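Engineer: Residues per chain, in single letters:
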Amino acid sequence: MAQLTYREAVARGITQEMERDPTVLLIGEDVGAAGGAFKATVGLLERFGPARVRDTPIAEQAIIGAAMGAAMTGLRPIAEIMFSDFFAVCWDLVANQIAKTRYMTNGQVTLPLVIRSGNGGGSRFGAQHSQSVESWAMAIPGLKVVAPSTPTDVVGLLAAAVRDPDPVLFFEQKSLYATKGEVPDGEVVDELGTAKVVRQGSDATIVALAAMVPRAVAAASELAGEGIEATVIDLRSLVPLDVSTVAASVAATGHLFTVEENPRLCGWGAELTSVVADECFYDLDGPIVRVTTPHVPLPAADALEDLALPSPSLIADTVRRRIG
Amino acid sequence: MAQLTYREAVARGITQEMERDPTVLLIGEDVGAAGGAFKATVGLLERFGPARVRDTPIAEQAIIGAAMGAAMTGLRPIAEIMFSDFFAVCWDLVANQIAKTRYMTNGQVTLPLVIRSGNGGGSRFGAQHSQSVESWAMAIPGLKVVAPSTPTDVVGLLAAAVRDPDPVLFFEQKSLYATKGEVPDGEVVDELGTAKVVRQGSDATIVALAAMVPRAVAAASELAGEGIEATVIDLRSLVPLDVSTVAASVAATGHLFTVEENPRLCGWGAELTSVVADECFYDLDGPIVRVTTPHVPLPAADALEDLALPSPSLIADTVRRRIG
Amino acid sequence: MRTDPSVGLETRLALYETMYRIRTFEKRAYDLFLSGLVKGTSHLSLGQEAIAAGFGEAMREDDWSFATYRGHAHALARRVPMAAIMGELMGRACGLMAGKGGSMHLTSVEHHMMGSYAIVGAHLPIAAGAALTAQQLGTGQVAVCFFGDGATNIGAFHEALNLAAVWRLPVVFVCENNLYMEYTPIAAVTAVPRPAADRASAYGLEPIVVDGNDADVVLETAARVLDRARSGEGPSLVEALTYRHGGHSRADPGKYRPDDEVATWLARDPVLRYRERLLDGGLEAGVIEGVERAVDDAVAEATEAARSSPPPDPDLLYRDVFADGGASWRN
Amino acid sequence: MRTDPSVGLETRLALYETMYRIRTFEKRAYDLFLSGLVKGTSHLSLGQEAIAAGFGEAMREDDWSFATYRGHAHALARRVPMAAIMGELMGRACGLMAGKGGSMHLTSVEHHMMGSYAIVGAHLPIAAGAALTAQQLGTGQVAVCFFGDGATNIGAFHEALNLAAVWRLPVVFVCENNLYMEYTPIAAVTAVPRPAADRASAYGLEPIVVDGNDADVVLETAARVLDRARSGEGPSLVEALTYRHGGHSRADPGKYRPDDEVATWLARDPVLRYRERLLDGGLEAGVIEGVERAVDDAVAEATEAARSSPPPDPDLLYRDVFADGGASWRN
Ligand SMILES: Cc1ncc(C[n+]2csc(CCOP(=O)(O)OP(=O)(O)O)c2C)c(N)n1
Ligand SMILES: Cc1ncc(C[n+]2csc(CCOP(=O)(O)OP(=O)(O)O)c2C)c(N)n1
Ligand SMILES: [Mg+2]
Ligand SMILES: [Mg+2]
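These protein sequences, in sequence, are chains X, A, C and W.
Numbering-wise, my numbering puts 113 at position 15 of the first sequence, and it's gapless, one number per residue.
Numbering-wise, my numbering puts 182 at position 84 of the second sequence, and it's gapless, one number per residue.
Numbering-wise, my numbering puts 844 at position 264 of the third sequence, and it's gapless, one number per residue.
Numbering-wise, my numbering puts 777 at position 197 of the fourth sequence, and it's gapless, one number per residue.
So that you can see chain X by itself, here it is in the shape it has in the complex (with noise of 0.2 Å):
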């Protein structure tokens, strides 16, 4: 066991599967020299050198779209968006064209490829480098989503995101690389569309991802103090969306909350309730309550941010004040 932060992981999960499989490359902005603009590929050019790991020009239609030809033809690559906020200048490679190529070809063209990227608030970076967008990604058929929320995680799920055949891409939560945890020796691979239950309680259900997990689990030890027991899911997975675990614990305590980053329209617990509010909907004992950023961009100044991201108080509150 190794105590690791969550951008130290990055580089861990990229170099394990690097060594395993010479198809594997690294492209992206500043990913090489200077070990990426978040430190999480620090090292990697010394490793494997310029040919597997590129340093691109700022053109990031230009990496998504060499990512994909070169997944087409038999390399794995690993694309970095340096911001996820800038999938907004090469959206078109991810979701027209990465998406549906398999489906357009039929079943002709695979697509083993990952994108990671930066992605989520609280760094004070403004509206146009604090987006979680997760969500644009689960929109659209033919992409799979991972979000991990621990080091542990990062390095698993990067492994199954690279070993996957299909497009994945994955969200590093900027506000968790300083985070630590331990992550085990020797090879880490976990399995995508898997969400984890963190915390067992059953008075409600509260499902939350990435930087939203801690802060949820945060909340349901208050309430715990007040005597309200909740199950706190880690979704880790957008596409595929384990959608029986939550199930499972919706039946159990007839409550559900999502906890979300992004602003609220149409984000991934829109989806989530949808599915429960037509699946489970004998199961439950309440409304469905998201709580998500408020629809706003994000505000740059610390004090508007703080406000603007779903708290462990404001997440308490809610349960609080919706099953009381």
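Hints listed in this document are in silico derivations from the structure and should not be mistaken for laboratory results.
A quick note: this is a predicted structure, and the numbers were derived from the prediction, not measured.
Glycine is no exception: its CB is placed at the ideal position from the N, C-alpha and C atoms.
Certain hints may be false.
Label pairs and their calculated CB-CB ranges [claimed, not checked]: (1) W:Gly812 to A:Gly172: 14 to 20 Å; (2) A:Pro120 to C:Asn911: 53 to 59 Å; (3) X:Pro148 to W:Gly905: 48 to 54 Å.
Since chain X is already given, all that's left is putting chains A, C and W with the ligands on it; use the hints.
Structural biologist: For chains A, C and W with the ligands alone, coordinates are given in the frame of chain X:
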């Protein structure tokens, strides 16, 4: 009253606004001399000249960026994105720049612009020319989102969009371009954010948008023959979202069905479901059910595409099965 | 008249056969639109055949083609079976992608026809990515990417050209300059007279403009730039001047073009011109007619095969979103 | 040493004042990062002041500026009050946008500072759009768009340049080539030696490369291209060579740069150089020191004003998503 096609209504609406306000101008690919790829802008170049009706290069970032810069300095541009799938090539300008600028500048910058686009399937154009992407836009704070289903609504909502001080994405459903309807003479101006109850019934509420509206109405007629009376609501606008009209109807019927042309995950129906599952939970007599295209890219072959898009009989079957 | 002695008779006949095949196939496709058997849209290369043929002939079998929605010609040049293409246009079970892609997305990995892309510009960086594979694995393959004049003004063009040049990727970018985008002349919306060649220096590349209606010229140019790519000298950007005989797509009669312009270009018909050249070069008319008859028969056969193919299995709607063969987004 | 006689003393002093103001303000901002008062990120123009100053001086009051995240200098050059900028950096109520935008998005419509844009390349087409307004309404205004060398490889650059050239828009594109993107040298990822100038011909434009560390040269160049734009001759693309003294952003010590390169460029410090030029030109030291003292005082005052400003009203979180002043997405 004149009998107009949905396609002609677009030109009528633009003409009305360009005559009224000399700062309105139209830019896009083939919008001028060619009268638009869908012939929705025929005659405008002749009427308003090449300074106000401008053909552009194939450069959607330039088109949308130019519209934004023009809007912030005194014009009221209408920009065309030929197929809404191409929003993906200029999503940064739409989602990161246009949507966020008013907020980031603390209200200093106003962006009165409209982006029109041909949206949706049914034309056997395949996966990259058939998407319904209105929910992509709904997910972005700062955008208004409109999708009319009739010629009169096209004129009135287009006028409202042009006059609105905020950026409005105006989705013209391609499969409706050839449909006809009576349009009142004289100036037609409607209001954004207002849904229309197009059919009253006490057994179920069916909420639809654009091309799904006539299909929902057809389904309701079919059901009426069997004694099931459904209310059909034409949402018309996703932002602002007319929650109160929907909530009032659900309170009366106890059953909500949404009919979306888009693939399932994170569609507008999910959002509406999540609002209702929270705020109207105790009005519900059964699960909330969404009818959508399956979560796949749209196939090109007519046999497959017809199977993919929600049909009146699928809608009717779903309602029948779920409230039976 | 140019007659490069290095181009042998066999090659010349092959070039002619390919052009004639494209011509005949596309005319048939057009008839099928008119009779309602081909639905949706379709973009023909009538008049532009020499580019597909010339490159197709020069390319190594395992070199990759990347095309636009106007991609029938390139699929045909890579010898993708005609029945499969026709079937795809008609949305039939025998279609190249069983109807799931349609006319704008013809792909046959088996023939190294790596796809037709319907969003202008998108496939330029994708082709660069294939070239990255060739470079990385040292396979000696080259990616050839065909696109229209209109694509030279979109962002992806710029990004792909720069990346390919910086990494010296074995990719050849071929602009088929047919003077028009959908309806708007390229000259009306482009800051330079040669939309591709006048941009070459922006990527440190040589400007190359060739007669895209002369299959020999295209062949020779293709051989040169493929060689350059294969020997590690990096990408090329070729502007091939040509003209489409018909409209942009099925819906378009192409009436916005001046009569004399159309007449001038019809006089430069690449297929007729090449046929004459073969005859002038001493080839017997009978040989040519033999080639043509074989093609006519094959096109008729392919049409019949497609026409008699059933619609795709409905189950395909839910197949192959993911590599497990299915479409499930949940566990 | 260049001393253009047409540049009068008043202008020279104004140029110096602006550069010194930027320098002093940014050094103070840097201290405030170190002491934790400025949060998030921040991108300084230390070493690049002459470009903002030269253009700021040449622009008409109602000409528009468009900048990147590295935009403090341009806001200052347009005379946006320092306390408001400092307040924005600190996320305070007195901030230029009350803290809602932050350092990367400085905007003051009142001063025709039309925004700072944090996504590389995005503001080039936006600036073209402002120029479209000027052209359409015949206002005689010019849009000036500043960006880095790294922006020359992204798609939006290409699209904006072409559109501006085709429509002959009154817009000036100014590439501040400081040799680096975030950490990677621009030369490592660009196909041509001059990332902007070597692309000019792709848009039918004249290649212009100037010493961006010489305020007189910048001023003169700016005057020329603004004039060209204003007289209807269309856009220009200027590449101004410069260097940032520090790292890319707050987080970056800039250690990846060779010592001798840093030394060479520090010796070309635009502020010190200009000060010397003024002295060489016979200006009394006391006059310069007077200017400097006034700036020092103003910066101190602005810092104090920002520091003593409260955090923004929490209610602002929900304000001004829409023009009705609110954030409501429902009726
Ligand atoms: C990004 C994008 N914008 C617009 C279109 C619509 N469109 C399809 S083909 C076309 C014209 C393309 O012209 P050109 O590149 O010259 O190719 P050609 O059709 O002449 O072969 C346009 C505008 C598109 N498919 N993608
Ligand atoms: C589309 C996009 N990609 C990447 C980034 C991250 N990024 C911010 S600044 C920067 C470097 C920009 O370099 P340059 O254009 O030379 O400007 P400079 O910072 O040197 O002034 C990068 C890569 C971004 N903001 N936007
Ligand atoms: Mg063309
Ligand atoms: Mg730079």
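Engineer: Take the C-beta atom of Pro148 of chain X and the C-beta atom of Gly905 of chain W, compute their distance, and say whether it sits inside 48 to 54 Å.
Structural biologist: holds (53 Å)
Engineer: Starting from the hint 14 to 20 Å, judge whether the C-beta atoms of Gly812 of chain W and Gly172 of chain A obey it.
Structural biologist: holds (19 Å)
Engineer: Could you check the hint for me, namely that Pro120 of chain A and Asn911 of chain C are 53 to 59 Å apart, CB to CB?
Structural biologist: With Cβ atoms ~58 Å apart, the hint holds.
When held up to the earlier numbered hints, the structure conflicts with none and fits them all.
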